[in-house]
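Mind docking chain B on chain A? Use the hints.
Below are the chains, spelled out letter by letter.
There are 2 protein chains.
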Amino acid sequence: MPYFEDIRIGDRRDLGSFAFTAENIKAFAAQFDPQPFHLDEEAGRRSHFGGLAASGWHVAAAYMKLTVANIKREFDEAVARGETPVPSGPSPGFRDLKWIRPVLAGDTLSFASETVAKRELGSRPEWGLVNTYNSGTNQRGELAFSFMGAVFIPRRRA
Amino acid sequence: MPYFEDIRIGDRRDLGSFAFTAENIKAFAAQFDPQPFHLDEEAGRRSHFGGLAASGWHVAAAYMKLTVANIKREFDEAVARGETPVPSGPSPGFRDLKWIRPVLAGDTLSFASETVAKRELGSRPEWGLVNTYNSGTNQRGELAFSFMGAVFIPRRRA
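Protein sequence lines, in the order shown, are assigned to chains A and B. For the first sequence, the positions run 18 to 175 when this note's numbering is used. For the second sequence, the positions run 18 to 175 when this note's numbering is used.
Here chain A stands alone, though its shape is the one from the complex (with noise of 0.2 angstroms):
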């Protein structure tokens, strides 16, 4: 991660992608979202959504899993290079999250994060406050998932 001062508004990262499986829909949603529709396929057919669709939050899990898969690269990569690695701070929250179409088995989506946002905290010197719009894509190209996020970046050290 950078530091805080070295976030720019309009940073774009691509965190990869997730391919969504029957067999991935349906043990995330045993585990935390048993709903017929996320369970079964014929289920799915005959509900609102067309298909095996993913849980919500199956789609929120891919997106973390991607985050903290890109945290942890560039933590590696500072240490190769012999610098001190950024650690990443907490989330306050997050606003808007949009499920904007059915995320089907057989669905892939690439996740991207921007930076839309930053300001310094009075309260917490040692942090600022980085927004981010938060997206999901599928292989159509149409957009499945968006969210504006928040997070705390450290500042650097006068």
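Keep in mind that the hints were calculated from the coordinates and are not lab data. Every residue, glycine too, gets a C-beta built ideally from N, C-alpha and C. Please note: incorrect hints may appear among the correct ones.
The calculated DSSO-like cross-link candidates involving lysine-lysine, where the alpha carbons are at most 30 angstroms apart (straight line), are [what the hints assert, rightly or not]:
(1) B:K115 <-> B:K135
(2) B:K82 <-> A:K115
(3) B:K115 <-> A:K135
(4) B:K89 <-> A:K115
(5) A:K82 <-> B:K135
(6) B:K135 <-> B:K89
(7) A:K43 <-> B:K115
(8) A:K43 <-> B:K82
(9) A:K82 <-> A:K43
(10) A:K82 <-> A:K115
(11) B:K82 <-> B:K43
(12) A:K115 <-> B:K43
(13) B:K89 <-> B:K115
(14) A:K135 <-> A:K89
(15) B:K115 <-> A:K115
(16) B:K115 <-> A:K82
(17) A:K89 <-> A:K43
Chain B regions said to be covered by chain A (calculated; three or more residues, Cβ under 8 angstroms) [to be verified]:
(18) 50 to 61
(19) 79 to 86
(20) 106 to 120
Here is chain B on its own, set in the frame of chain A:
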């Protein structure tokens, strides 16, 4: 689930509680959010969380599990009463998800959902949109988690 017409602003539903343990915190994190403060007690203590902390997505998944359990229970109760159960609809997304306080190993959150708004949909006469305020409160009575949810609910056929 009641039909859209039978839902009243101010309706509150206690969803039950979920106990976060070192074991289930680490198991969730290993699968979906493998950051050190979610995986290791010592890393958690050294972090801004001050202890082994549940992933924010784990907190959201616990809410979802309890919500689905409630949907299932109401569905089964309707069947037992000889009624045709009202199927639950999809969610278009949600707003203002807030991770207000760390959820640490040993914490138990009680979740609740309150109806705050409802409206008919011109474009989809078979459904209405219901907005809920959802919260998770810890064993000390402190609000730890909240978001504004939205869900499509079937309307009673004329």
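Hint by hint, here is what the structure shows:
no.: 1; hint: B:K115 <-> B:K135; result: 22 angstroms, holds
no.: 2; hint: B:K82 <-> A:K115; result: 20 angstroms, holds
no.: 3; hint: B:K115 <-> A:K135; result: 18 angstroms, holds
no.: 4; hint: B:K89 <-> A:K115; result: 25 angstroms, holds
no.: 5; hint: A:K82 <-> B:K135; result: 34 angstroms, violated
no.: 6; hint: B:K135 <-> B:K89; result: 22 angstroms, holds
no.: 7; hint: A:K43 <-> B:K115; result: 28 angstroms, holds
no.: 8; hint: A:K43 <-> B:K82; result: 15 angstroms, holds
no.: 9; hint: A:K82 <-> A:K43; result: 18 angstroms, holds
no.: 10; hint: A:K82 <-> A:K115; result: 18 angstroms, holds
no.: 11; hint: B:K82 <-> B:K43; result: 18 angstroms, holds
no.: 12; hint: A:K115 <-> B:K43; result: 28 angstroms, holds
no.: 13; hint: B:K89 <-> B:K115; result: 27 angstroms, holds
no.: 14; hint: A:K135 <-> A:K89; result: 22 angstroms, holds
no.: 15; hint: B:K115 <-> A:K115; result: 16 angstroms, holds
no.: 16; hint: B:K115 <-> A:K82; result: 20 angstroms, holds
no.: 17; hint: A:K89 <-> A:K43; result: 28 angstroms, holds
no.: 18; hint: 50 to 61; result: holds (count 3)
no.: 19; hint: 79 to 86; result: holds (count 3)
no.: 20; hint: 106 to 120; result: holds (count 12)
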